[in-house]
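With the numbering used here, letter number 129 in the sequence shown gets 144, and the count goes up by one each step, no holes.
Hints in this document: simulated from the structure, not taken from any laboratory.
Nothing here was measured: the structure is a model prediction, and the numbers come from that model.
Keep in mind that the hints are not guaranteed to be accurate.
25 Å max Cα-Cα, derived DSS-like pairs, lysine-lysine [what the hints assert, rightly or not]:
no. : residue 1 : residue 2
1   : Lys145    : Lys69
2   : Lys155    : Lys120
3   : Lys145    : Lys120
4   : Lys120    : Lys102
5   : Lys102    : Lys155
6   : Lys155    : Lys145
7   : Lys69     : Lys102
8   : Lys105    : Lys69
9   : Lys69     : Lys155
10  : Lys105    : Lys120
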Amino acid sequence: MNRASLEKRPDEVATMFDDVAPKYDVVNDVLSMGQTRRWRRVVVDAMDVRVGQKVLDLAAGTGTSSEPYADAGVDVVACDFSLGMLKVGKRRRPDINFVAGDATKLPFADDSFDACTISFGLRNVNEPHKALAEMFRVTKPGGRLVIAEFSAPVVPLWRTMYTEYLMRALPAIATKVSSNPDAYVYLAESIRAWPDQDHLAAWLQEAGWTDVNYRNLSGGIVAVHRAQKPGAEHRESVPVAKLRRQIKPRRQAGDQSR
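All chains, please: the whole structure from these sequences, using the hints.
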């Protein structure tokens, strides 16, 4: 069985995801107790893209996260470095443009996309700061970035219970439903080692992104960060009332969505 180390060597991580590609989406639904789909809906709402715009969905895997954009008539590019994931995705959705690419060295020109998103993939990049800089580079001025990533539960008791689930229950469940349960040991370890919401918000600001906000989901198990590339506005803004419901200011780190 292939399992990447927390050094996150690209070849190891790619091989690990190649192994789990056939059952990846099903296993994720089981391990998240069905929450994955809800989390992805929040990301799509936060992106607020329209027909005629171009979206980069990075670490797209089998393209599950790209489907809502394609179904809405938005031009979406599903990019991932796991060829196994891309092959599974292309068989499922031949209408989606799947592209092999490294998040730290994207194969796209400057200012190519109206919006960029990455869901549960930044944590697996060996140099996340470079990935944030690359996403900045390929996004048009005024464009948006939305990141969904596992984060730090905000209630201490819930954080303890969640950590126990990660390190004990999750690998045990993966043994029953996954072809490569060792990959989910890596998953648990990488989540526990990942920085919290405020640290990721700071990284975004360091990479040049502005208007950085985030919203906690499921008590902080997941955080959805949103930011903008400085420059001329190229589309209508999200209505203020909707924005306030979706994303809380960075300082309100204790917010929990319901």
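So, going through the hints one by one against the coordinates:
Restraint check for Lys145 and Lys69: the C-alpha separation of about 22 Å stays at or below 25 Å, so the hint holds. Distance hint between Lys155 and Lys120 is fulfilled; the C-alpha atoms sit about 17 Å from each other, no more than 25 Å. Between Lys145 and Lys120, the direct Cα distance comes to roughly 8 Å. Compliance with the 25 Å bound is thereby established for this hinted pair. About 21 Å separates the Cα atoms of Lys120 and Lys102, which keeps this hinted pair within 25 Å; it holds.
Distance check on the hinted pair: Lys102 and Lys155 sit about 29 Å apart at the alpha-carbon level, beyond 25 Å; violated. This hinted pair checks out: Lys155 and Lys145 have alpha carbons roughly 18 Å apart, not beyond 25 Å. A threshold of 25 Å between alpha carbons decides the hint, and for Lys69 with Lys102 the separation of about 22 Å falls inside it, so the pair holds. Distance restraint check for Lys105 and Lys69: the Cα-Cα separation of roughly 19 Å lies within the 25 Å cut-off, and the hinted pair is therefore satisfied.
The hinted pair formed by Lys69 and Lys155 meets the criterion: a straight-line CA distance of about 10 Å does not exceed 25 Å. Using a Cα cut-off of 25 Å, the hinted pair Lys105 and Lys120 holds, with the two alpha carbons roughly 22 Å apart.
Violated hints amount to a single one, hint 5; each of the other numbered hints is respected by the structure.
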